[in-house]
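Asker: Residue numbers (our numbering), protein chains in the order written: chain A, 10 to 349; chain B, 10 to 349; chain C, 10 to 349; chain D, 10 to 349.
Be a bit skeptical, because a hint or two may be false.
Copies of the same chain are indistinguishable here, so a pair counts whether it falls within one copy or spans any two.
Said to hold, decoys possible - Straight-line Cα separation of at most 20 Å, DMTMM-like style, residue types lysine to aspartate or glutamate; simulated pairs: (1) K233 to E336; (2) K146 to E294; (3) K335 to D117; (4) K297 to E221; (5) K36 to E63; (6) K340 to E206; (7) K53 to E298; (8) K340 to E63; (9) K118 to D282; (10) K43 to D150.
Source of the hints: derived by calculation from the structure; they are not laboratory data. In this text the structure is predicted, and so the values were computed from the model without any measurement.
Listed below, chain by chain, are the residues.
There are 4 protein chains.
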Amino acid sequence: MIERVETVNLGIIGTGRIGRLHARNLKYQISGAKVLGVSDILEKSAHEVASQLEIPVVEKDYRALLENEEIDAVVICSSTDTHAQIISEAAQSGKHIFCEKPIALELDKIYQALAAVEKAGVKLQVGFNRRFDPSFKKAKDLVRKGTIGTPHLVRITSRDPEPPPIGYVKVSGGIFLDMTIHDFDMARYLLDQEVVELMAVGSCLVDPTIGEAGDIDTAIVTLKYEEGAWGTIDNSRKAVYGYDQRIEVFGSEGCVMVGNPRQTEVTVKGAEDIKTDKPLFFFVERYKEAYLAEMEEFINCILENRKPSVGGRDGKIAVEMGYAAKESLSKGSFVKLQIN
Amino acid sequence: MIERVETVNLGIIGTGRIGRLHARNLKYQISGAKVLGVSDILEKSAHEVASQLEIPVVEKDYRALLENEEIDAVVICSSTDTHAQIISEAAQSGKHIFCEKPIALELDKIYQALAAVEKAGVKLQVGFNRRFDPSFKKAKDLVRKGTIGTPHLVRITSRDPEPPPIGYVKVSGGIFLDMTIHDFDMARYLLDQEVVELMAVGSCLVDPTIGEAGDIDTAIVTLKYEEGAWGTIDNSRKAVYGYDQRIEVFGSEGCVMVGNPRQTEVTVKGAEDIKTDKPLFFFVERYKEAYLAEMEEFINCILENRKPSVGGRDGKIAVEMGYAAKESLSKGSFVKLQIN
Amino acid sequence: MIERVETVNLGIIGTGRIGRLHARNLKYQISGAKVLGVSDILEKSAHEVASQLEIPVVEKDYRALLENEEIDAVVICSSTDTHAQIISEAAQSGKHIFCEKPIALELDKIYQALAAVEKAGVKLQVGFNRRFDPSFKKAKDLVRKGTIGTPHLVRITSRDPEPPPIGYVKVSGGIFLDMTIHDFDMARYLLDQEVVELMAVGSCLVDPTIGEAGDIDTAIVTLKYEEGAWGTIDNSRKAVYGYDQRIEVFGSEGCVMVGNPRQTEVTVKGAEDIKTDKPLFFFVERYKEAYLAEMEEFINCILENRKPSVGGRDGKIAVEMGYAAKESLSKGSFVKLQIN
Amino acid sequence: MIERVETVNLGIIGTGRIGRLHARNLKYQISGAKVLGVSDILEKSAHEVASQLEIPVVEKDYRALLENEEIDAVVICSSTDTHAQIISEAAQSGKHIFCEKPIALELDKIYQALAAVEKAGVKLQVGFNRRFDPSFKKAKDLVRKGTIGTPHLVRITSRDPEPPPIGYVKVSGGIFLDMTIHDFDMARYLLDQEVVELMAVGSCLVDPTIGEAGDIDTAIVTLKYEEGAWGTIDNSRKAVYGYDQRIEVFGSEGCVMVGNPRQTEVTVKGAEDIKTDKPLFFFVERYKEAYLAEMEEFINCILENRKPSVGGRDGKIAVEMGYAAKESLSKGSFVKLQIN
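With the hints as extra help, turn the sequences into a complete structure.
Answerer: Spelled out as structure tokens, the structure:
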């Protein structure tokens, strides 16, 4: 690790699972960063994290972190409905911002938050962690280098090992804004191109309570890219064999694919068949390195004064694609996207 | 090989590449079959095959084979535009029929041919050879046995190593009737279910002369099955790495996948990367065993007096799906299929 | 297939499993060859094959085939103890010879047979079929081309799915002359180098009746090559997961490996693990193409008047290595080989 | 991570690459451990580490750490020639001990150190990190559970990406004590059985300067286990494709194998071949999780007052096997091991 002279002082807003993961990474594995404070409306949770990681400042209200002049940047890990408001206030306080996806479930709120960021001139990075997975990143770099020629087809398979609790499903904004949103971002990332039109189909095949909550759990989305390539995403809320995250970009000169890392490299050859291990269970395991790398990118962008590679516009477009998918699903036809 | 007492005497109509392949398989590898005659409008071709394989009867006109009372069954490998007419005549002559796909490019002709078969009570098998590939067959058997639970998603990747000559493209009926037709049949075969609705997109990305001929070379088709599962097919006329034929059926209890057999089992580990061989080049190599197995099935059906597992109705529906895909492509929306 | 003008007329001596396999290949898949006659001391067996394959001449005594002036070449598939004698007589009759391995279990007999072949100037090819496996052949070609630099280590894994009947074990000459003999030849083939010293260890771990018959069923042989590389062979008479035939050549610039082809390309992902198919069951399945290719080589050598790539000297050295392994096993030390 | 009430206070002796790796793991990723002090004869190195990791005590002489009453345990990462002496002194000071392999290059010194540990009743864990690799551990657990029946054959491939500096080679004790020592331990670990006899061959094929230093760089070791199984290890100091660490245990009911994890899960299919990534480069990358897990085991053994699963006797036997291999190499025959 290269040691840097300067240090970014951080406040972490929200100390649930993902907030703790970022806090731990920033504390132990990223040089140039110092976690000065944490806040959580559940004060007990904030105190727990602070005590484990020896973080000096603990607050119930995130505004106290925003007012703390020693803090340079915040990491927003609170519930989705608070993201946009906190982004706006953090920008007004001159803090750089890392925000978990999605920025908001309402497009108006997103536009306002991005305007505030724009006006304040602070940096905003959105938590599309998969862009930082070493395999996906290498695939994208190969596409960019022209290894597979002109892209013609993109295939994204994205299946969770199990559905979230039904209470979460109800406030999630639906599968397209909660789950497919990552795949929408991946689709844009892989080709460095916008999707200009999409068509979504799907239904509730996994768990009827998801259907009763007005959502679906199985979906296929067809994408048209601005330069003529076609893409397809398939989603399921439940793959019994674990987290299935594969991509494929097919072009005029070849095809690049990313498969699932397995839990171990063990193979057992028996009288009946040959057995290997299942994929890593879920996002915490699969994207362990990606979570670290995205936070390193954020800290480096601040230290080197450059724009994060995945910013507010990316966060906004992914949500717009989610809404387009919802519209397509209800209409049964393609929906055009207004990209700007 | 089990030797049988009875023998099916066959006439092969059309001695191009596929006719010769069937003739050779029937001659050398299938017991219970005897190739009595061949016909081809190019008499020289018919004579060549007859001399190589020691086939006694050689005709220019297929009707001479139909009139030959020693012949029990015919294998129709002539050009597509002649299939339906020959089927009708062969049925009227009381011959059992194996016919290469598609039965015809016009639905009316198909209906007439099937009516003739129905009336004559002869057996008709359509050359959907992929159903007889040992890997696809095993995958289908596992689905049928319930190994993966209720199917939710089907993914078919089907890419040719190179486009056919443009002259062929012009009379092929278009990608959906010429190439995707195999995938439509595979989609039905894998789940033993009908597709009730489909949506096709695509464009000409590989070779502009295909576009000038009014066809496309890259396509994605989304399928809705009668019991609620969703499917997707992706096609390209040109995969530089060879014939890419993979399938995946994902269900409530797991996922079954079929990958591409490689040319050899060699792996080379070098200073730059790990290299393995490309897939088998094209259909003759990849489906070598399948071509043999489908013909064994045809002969066995005659000897054992049972209905071929892939018959006229299957041939008809695949063409209907091709027309639905054409309609969907031009309309930009889903098209319902009338299955009966 | 290239059609040739001239034809090699063949007699097949011995119509057991392997004799029938060669007869069928020669009859149906190899142009330029014609099976004129078969012989077997079990006349019924010879008649059976002749009738199935429409072979005109059937004899009880192989000498009748040797005296048949229309026959150009013989394929010796009789029991091992008869090989050397038949080779000598066939050579004296001026017939070209394909002989199954081993030439004999006694070195004296081998030397005499090879002297007879030498004197008569006929061609002799020994049935080391694995040299003609497309994967092993490609591996060897890569080694020869220098793809992996200078070879340092060779690893051969060779395990049968099940031991032969104990009656066969008793007359087999022991594991080194019956089973490892193929690996000895493979070891020489892969590097185009002689083995100058070897050391064998092993014991009876699979089946005590093999031990009671004075043989072992599990072995490791360490090889020293003339140019300094080292090799290791591991054998077992019983791998419950099927025929395990893998090789690896490691050198200064990389490593080439050959794995086992699987029965199908199906993968099943379930809640417990990921399952794939076992290797092809045994030599008839695994080396199907190799059996055909070795016979094509034999016919081509006769038609083109060139020396078979695997000849009498190869057959002799493999047996000498088998005896060296036996000696090493009993001595517990390395044994030098006298190669000439 | 489960938080524990009690804490083990540690001193780290030697702050080279491996000392720093352990220090960082203990500081950031292992609860229940606190790094109180570090020492290094290069004081600057010790200070550097202490300042980065906020370690309060920094010493030049390890004896100062041994005299520090707050320290419960030491992690010995100094040069090999100092291990045995430090173990003895640490034991006398009542400290628990984690020591990098090998304990010493001289058997006398090992015996004395182990006697001191025995007398003091402290815990000693030896740094055979590979036992803690999740894949090898799972393989061993499957063997222990009987999944593959009675073991018959063990194959260990262990090849480094590049030789160490020649200066290191000269003091390393030779390939068997420096490199193969890990494989000797792995061989015992996999079967939970002792090796009773071994035979080593090898030569200098990679780099002549290694030969000039009196060492070899390519080796094969054949092992005989106490219950009759056979094993083989192959080593090379240079695999251009990276760190190659594979194992295979073959038994009466199947075979368990461990392959190399790749750098990414990317596959590129091109016009020439299919490419995947090379293995992780070297031990720091490959055994990252194993280094962490072995240290967790050490801390847990102290906290739970149990004996480390890999202790002094294991360290001793691996060195004894190294000497046996040296003897075998020079004698050209098998050498018996006296296990106690």
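Asker: A separate judgement is required for each hint: does it hold in the structure or not?
Answerer: Evaluation of the provided hints:
In this assembly of identical chains, K233 and E336 lie within 20 Å of each other by CA distance both inside one copy and across copies; the values are 16 Å within and 19 Å between. Taking the shortest alpha-carbon separations for K146 and E294, both the intra-copy value of 17 Å and the inter-copy value of 19 Å come in at or below 20 Å. For the homomeric pair K335 and D117, the shortest alpha-carbon distance inside one copy (17 Å) is at most 20 Å, but the shortest distance between copies (40 Å) is not. Taking the closest pair of Cα atoms, K297 and E221 never come within 20 Å of each other, the shortest separation being 34 Å inside a single copy and 46 Å across copies.
Within a single copy, K36 and E63 get their C-alpha atoms as close as 9 Å, and across copies as close as 13 Å, so both meet the 20 Å cut-off. When the C-alpha separation of K340 and E206 is checked against a cutoff of 20 Å, the pair qualifies both within a copy, at 14 Å, and between copies, at 15 Å. Taking CA atoms no more than 20 Å apart as the test, K53 paired with E298 passes in neither setting, with 29 Å inside one copy and 32 Å between copies. Taking the shortest alpha-carbon separations for K340 and E63, neither the intra-copy value of 53 Å nor the inter-copy value of 61 Å comes in at or below 20 Å.
In this assembly of identical chains, K118 and D282 lie within 20 Å of each other by CA distance neither inside one copy nor across copies; the values are 54 Å within and 44 Å between. Within a single copy, K43 and D150 get their C-alpha atoms no closer than 31 Å, and across copies no closer than 41 Å, so neither meets the 20 Å cut-off.
This entry does not satisfy hints 4, 7, 8, 9 and 10, going by the numbered hints stated previously.
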